[in-house]
Structure formats: structure tokens, C-alpha cells
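Colleague: Residue numbers (our numbering), protein chains in the order written: chain X, 1 to 213; chain H, 1 to 213; chain D, 1 to 213.
The set of hints was computed from the structure by calculation and includes no laboratory data.
One or more hints might be untrue.
If you want the ones that stay clear, here's a sample from chain X, every Cβ over 10 Å from chain D, calculated [as the list claims (entries may be wrong)]:
(1) Ile79
(2) Ile158
(3) Leu166
(4) Ile183
Computed footprint of chain X on chain D; a stretch qualifies when at least three of its residues, placed anywhere within it, have a C-beta under 8 Å from a C-beta of chain X [to be verified]:
(5) 68-78
(6) 113-119
(7) 129-138
(8) 169-175
Bear in mind that the values here come from a model prediction, so they are computed numbers and not experimental data.
A virtual CB, placed ideally from N, CA and C, is assigned to each residue, including glycine.
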Amino acid sequence: MELSLFNILDVLGTIAFAISGALSAMNRRLDPFGIFIIAFVTAIGGGTIRDILVGNTPVSWMENTIYVYLIGVVTIFAIIFRNKLNYLKKSLFLFDTIGLGVFTITGVETGIVNGLDPIISVALGAMSGTFGGVIRDILCNEIPVIFRKEIYATACLIGALVYVTLYDLNVDADIIYLVTSLIVIGIRILAVKYHLTLPSFYPVHPKSSKRKR
Amino acid sequence: MELSLFNILDVLGTIAFAISGALSAMNRRLDPFGIFIIAFVTAIGGGTIRDILVGNTPVSWMENTIYVYLIGVVTIFAIIFRNKLNYLKKSLFLFDTIGLGVFTITGVETGIVNGLDPIISVALGAMSGTFGGVIRDILCNEIPVIFRKEIYATACLIGALVYVTLYDLNVDADIIYLVTSLIVIGIRILAVKYHLTLPSFYPVHPKSSKRKR
Amino acid sequence: MELSLFNILDVLGTIAFAISGALSAMNRRLDPFGIFIIAFVTAIGGGTIRDILVGNTPVSWMENTIYVYLIGVVTIFAIIFRNKLNYLKKSLFLFDTIGLGVFTITGVETGIVNGLDPIISVALGAMSGTFGGVIRDILCNEIPVIFRKEIYATACLIGALVYVTLYDLNVDADIIYLVTSLIVIGIRILAVKYHLTLPSFYPVHPKSSKRKR
Chain X
1 MELSLFNILD VLGTIAFAIS GALSAMNRRL DPFGIFIIAF VTAIGGGTIR DILVGNTPVS
61 WMENTIYVYL IGVVTIFAII FRNKLNYLKK SLFLFDTIGL GVFTITGVET GIVNGLDPII
121 SVALGAMSGT FGGVIRDILC NEIPVIFRKE IYATACLIGA LVYVTLYDLN VDADIIYLVT
181 SLIVIGIRIL AVKYHLTLPS FYPVHPKSSK RKR
Chain H
1 MELSLFNILD VLGTIAFAIS GALSAMNRRL DPFGIFIIAF VTAIGGGTIR DILVGNTPVS
61 WMENTIYVYL IGVVTIFAII FRNKLNYLKK SLFLFDTIGL GVFTITGVET GIVNGLDPII
121 SVALGAMSGT FGGVIRDILC NEIPVIFRKE IYATACLIGA LVYVTLYDLN VDADIIYLVT
181 SLIVIGIRIL AVKYHLTLPS FYPVHPKSSK RKR
Chain D
1 MELSLFNILD VLGTIAFAIS GALSAMNRRL DPFGIFIIAF VTAIGGGTIR DILVGNTPVS
61 WMENTIYVYL IGVVTIFAII FRNKLNYLKK SLFLFDTIGL GVFTITGVET GIVNGLDPII
121 SVALGAMSGT FGGVIRDILC NEIPVIFRKE IYATACLIGA LVYVTLYDLN VDADIIYLVT
181 SLIVIGIRIL AVKYHLTLPS FYPVHPKSSK RKR
């Protein structure tokens, strides 16, 4: 593989989500192979949905063995250091956020490379960024990450919008990558640190009705 | 985009499912961007599975910006009128049912256009019709719509069977669309209104065993 | 369709998973069409993910009507004999395990045929093998099968590794199929019979923290 910045980002996001997948799996008391499979599916989820939607098949992790080996090593690492991970909580949150930021970028980038409209590229970025975490949470029977209170999908969408805006202004690709990832990661860190949330719009039912049809 | 009847139906189904997605997301107290993402995934779910299964990539919402803008507008509309929606309950149920009917049709149609066997087209129609609602419910941690008591998947399958039968009889496409959608929508409305259900076949266990292996 | 061993295996796995899907659906008291749809999605899930990931579209069940008819017949069979199924519990467990073994093989085989690296083929085999059961359990709101205590994903991964090893040694394809499926099925049967489990690695939190961020 040519070591483009795109690929480096993809690898970074893969590592980040693999760790978060391994942690969720260990919390569910899975055996090592089960941990590996959850780590794997979490890590490749975002990139896979991105590739399938644009028709880039076989999907990227299939064309390049580095992903499988990386996720294997990350799984072993996560198992060995499982009792240290509590102290690493902040780094882990950071990794998850890096994954979100990175896959948002590769999603938008893929859209642009395939000649899709900027607004479509933003949507593709948002789905690529959030899908890995969603699939991890569905498999592990946890509340999907996009429902946790802190700003999550929002960080991702704002980052994607910044990306296509800078791209439109012909800003250099490396600078776009840097700025976009810092924005996504920055928004999410600040949101969690200062408990920032956007207002939610819960419908007020005049007569209480627990469940809509 | 050429304004074919197929595209008009696709847009109608998209609007219908976007509203239902936005409502589910507001019930989970998501912020506006989260509401948009759930509305988006619900609305494009059925069409996306349809396109991916036949290999029509990039999938249709990527080739045409109207879907993203539509879903954005629908989301804003749903947020603004969230407190009126209780009175709109019946219209909403109708929208959901329209989505079911419409995506069933576009699914069957896609199968036929791709030269697939009629029975395969029926299966594709059923999956396209139900997938949007299923993905919405999985993401929102609700019981998947196909498990709610009233006839749902059944309406969809009967409609699809009627479609391929009429197609085989060389009936005009517009008439097929009209008849099929009226059948799916009609069956579902009557089923809910009169609490019609098909018999279920629950296995009687001689010795009670809570969970099969 | 040419009656290759690959196709026979694919049909066997389809039947096995269709039965398990129909059983889960009947336990959820679905109506006959609902039972059919769950049986269908469970049965074609593994093969569909396999085909989509490598870009083999329209996916294989679309090119061949035998799958739809088979699943229809299996559904009817499962409904008729639902009260006998308790006595068939062991055969059913066997069917589920056959499905796991068979789709693991067709996944690995598809990877090799498409010129993918052996380790990628193993990953593809593992995902194809487990995906049918996972989608059934998610739709039926049960704990995903890979989380049940007995060795499941592990059997699948070991089988896939044996497959690529034998393939590398130029062993005859039929023998590889036989050995691999016997290994997957054997491991799972022995694991359930003797309650064999691999050690799990649950992180010990010095201060109890119910949920990681």
C-alpha cells in the first residue's frame, strides 16, 4: 500500500475503534476470539459502510492485510493491559473520538474522490464516522453511542461541513485533514468536559401516550 | 433527475420514513443533529438495502442531492410541529404506511428492471419496504416494527405478489403502482382499524423450556 | 445452477439457518409471513454479507430462485412440526451448527476465489458464518448468539484457519470442505456437551465503575 495520509488516517481510526470494541467485548465477558471479532467489526464498520455505499468492492480492509494484523495486535494489547485501562480512561475516550474524527474525514474524502456532491459527501462522512460505534453498541446490547448525552453525531457533521467548505476554497489537503480532525475531536472533548449539549426537542403530549404508533 | 413515477414514489417514501424517524429520535430526546441522522438513516434505509443488494452503487441517494435536502427540511418541519404531531397521529401512521407501500414497489420494480426472477423481486420488495422501519427501531431501541401485532410484513408481501402478477399480465406500469400501493396501504389500515391479525403459531412445549438452544 | 459442492453447502447452510430463524420467529409469536421473513433474512444473512463485501452483486440468492422456494418450504415445515421441535432440539442445535460451519467455508472459499489474502479469507469466513445468527438475534431481540457462553465464533475462526492451511498444502477441495466442516461442527458440539469455554478476560476495576465512557 502506498502510505498516503488517507491510509494513515484510516489505520489510526481502525486502531482507535478496535480498542473501543475490545473493551466493550471484555465488559461482556467474551472469550479472546469473541473479543477479536467485536474489535474487528467495530474497527472496520465505518470504512466498510463507506466502501459498500459507493461500490468500492472488495472493501478496503480486504485488499490490505495490515488491518487484520493491526486489529489482532490491538486485541492482544487490550487483553494484556485490561486492568490498566481504567487509568487510561481518558486516552480511550480520546481514541474513540479520534476514530470518529478520522472516519468522518475518510468518508467525506471518499465522497469527493467519487465525484459526489459536497452535501452527499458530508452525509457519507457522518455515516462512516458513527457506524463503527453504532455496530459495536448494537452487538454488545448497549445504548447506541449516538444516543449518549454528549454531542457526538453533531461534532461529526460540523467537521464534515468544515471539510467540504475548506475543500471548496482549495485549501491544501493535509491542512484540511488537520483542521477537520481537530474540530471534530475538539468539539467532542469540550462537550464532554463542560457537559455541553444541544437542546433536545421532546414533544409534549397533552394526553400522556407512552408509545406512538 | 428525470421526474419518473419511480422517482416520485421514492421521494414520497423518503419523506414518510424521514418523519417517522424524526419522531422516534425526538422521543429519545436526541439533539437536532441526532434527529436528522436518525431521520436520514430511516428514510434511506429501504432504498439503500435495495441498491446494495443488486449492486446499484453509488446508491441512489448519493447520485441525487434532493434526498438530503428533503430529509433536512422534513426534520426541521418535524421539530417545529412536534407538539402538533399528537393530533397528526393518524396522518403519521398513514405516512409510515405509505413508506412501506412505496418502498415495496420500488424494490419489486428494481428487481424486474435488473432481470431478476419475479419471486426474487417479491423478496427484494419485502426487504426494501420493511428495512427502513427496522433500522429506525433498532437504532432507537424499540421493538422492531415487524413484531408489532398488526399485519405489517404481510401487507408488504401481498402487495409485492400483486405487483408481479399484474406485471406478468402486461398491465400498464402506472396502474400497477397505483393498485399495489393501495393494496399495501389498504391492508395495513384495515388491519389496524379492525385489529386484524393472522394466526400465530406458538410452539407448545410439553416441558416448559424458556429458551431454545 | 451447476450442482457444485459449493452450491450444495450453500443450500445446506440456508436450510439450517432458515429453520433456526423460523423457530426464533415462532417464539416471538409472529404470523406466518413474519416467520417467513425472519427465516429468510437469517438464512441469507451470512451469504449476503459475504457477497456484498467482495462486490458479488446481485447477491447469490437473487440469481437463483431455489433459495426463496427452499426457505418457503422450510418455513411451512417448521410451522407444521412446531410441537415436535422440542424432541428435535438436538437436531436443531445440529442444524444451527451446520449453518455456522457451512457459511464459514463458503466465506473462506469466496475470499480465495476472489484472490484475497488467506488471512482476509479467514476474516470473511468468520463474518459469513456468524452474521446469519447475529441478524436473527438482533431482529428477535435476543442476546446475539456470539455472546452465548459456549464456544461459537472460536469454532468458526479455527475452522477457517484450518481451511486456508489445508488449501496452502494443496489438499483436494472436497477433503478441505469435509475436514473444515467436521472441525467447526465437532468443536461446537464438544464445547456444548462438555461445557467447554475459553477463559474470558474481564477487566478488574479498582474502583467499581459500572459503565466505561
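Colleague: Can you give the numbers of the hints that this structure goes against, from lowest to highest?
Modeller: 1, 5, 8
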